Amino acid sequence: MAYEYVVDRWDQIWFASWQHFSLVVQCLVLAVVIAVGLAALVHRVPALSALANGVSAVGLTLPSFAVIGLLIAPVGFGVLPSVIVVTFFATLPILRNAVVGLSEVDGAVLESARGIGMGPLRTFLQVQLPLAWPIILTGVRVSAQMVMGIAAVTAYALGPGLGGFIFSGLSRLGGANALASVVTGVVGVVLLALVLDLLLVGLGRLTVSRGIHVQN
319 MAYEYVVDRW DQIWFASWQH FSLVVQCLVL AVVIAVGLAA LVHRVPALSA LANGVSAVGL
379 TLPSFAVIGL LIAPVGFGVL PSVIVVTFFA TLPILRNAVV GLSEVDGAVL ESARGIGMGP
439 LRTFLQVQLP LAWPIILTGV RVSAQMVMGI AAVTAYALGP GLGGFIFSGL SRLGGANALA
499 SVVTGVVGVV LLALVLDLLL VGLGRLTVSR GIHVQN
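Following the working numbering, the numbering of the sequence shown begins with 319 at its first residue and continues without gaps.
Some clues are possibly wrong.
[To be verified] Across the chosen pairs, the derived CB separations fall in these ranges: (1) Arg362 / Leu491: 30 to 36 Å; (2) Ala391 / Arg432: 46 to 52 Å; (3) Ala320 / Gly396: 27 to 33 Å; (4) Gly396 / Arg490: 19 to 25 Å.
Simulated from the structure, these hints should not be mistaken for lab results.
All figures in this text were calculated on a predicted structure; none of them were measured in a lab.
Backbone N, C-alpha and C define an ideal beta-carbon position, used for all residues, glycine too.
Sequences and hints are given; from them, build the entire structure.
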C-alpha cells in the first residue's frame, strides 16, 4: 500500500523533498555565516565565549514545535517562520564549534601571519578560519542532521517540505493512506539527511587541506 501511495504521488513527494532539502541547505549556509561571524567577535573574550556556549546549550533545549508556534503570531504562516526556526536551531551547534575551533588556533601561527604583513581580516580568512574549519564543519554536520527533522516540524506553520505528509497522516490516523503518508514523510527526511551528510563529507574532503587532516 505504501508503494502504491508513493507511486501515485511521486511528483508531489519529489517536489516536497526538493523544497525540504533546499530549505535546510539555505538555512545552513545562513547559519554558518551567522555563527562564524559571532564566533569571530567573541572567541578572544572568555566571558563572551562562555555566554555564547551557554546560549547554544539553552537554545538547544527549546522545543522546536513551541518555537514555531510562537512565531506564527508575529510573522504569520509559510516560509518565513520556517526559515527563522531552522536557521536559529542550525546556528547553535555551529556557533559552539566555531568558538572552540577559532580559540584553539595556535597564537604563534597568528603572530607569524601578522609578522609577514598580513592584516587582521586577511589573517582571519586565510589562516585562522581554514585551521578552525574542520571543527566548524563537524558542527555543520551535527546541525544538518538535527535541523533536517526540525524542518519537518515547520509544516505546522504551513512551511515547505516533507513535514506536510507527516502532519497530514497524523491528523487522520485510521483513515485511508494515513500511515503511508506518515511513513513517506519520515523515510524521506531520513534519506535526505543521509544524502546531505554525504555531501558534507565530500565538502570536507575538498575544503580541508591534507596538512590539517594529518594534524588532526
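How the hints compare with the structure:
| no. | hint | result |
| --- | --- | --- |
| 1 | Arg362 / Leu491: 30 to 36 Å | violated, 53 Å |
| 2 | Ala391 / Arg432: 46 to 52 Å | holds, 50 Å |
| 3 | Ala320 / Gly396: 27 to 33 Å | holds, 29 Å |
| 4 | Gly396 / Arg490: 19 to 25 Å | holds, 23 Å |
When the structure is compared with the earlier hints, a violation turns up for hint 1 alone.
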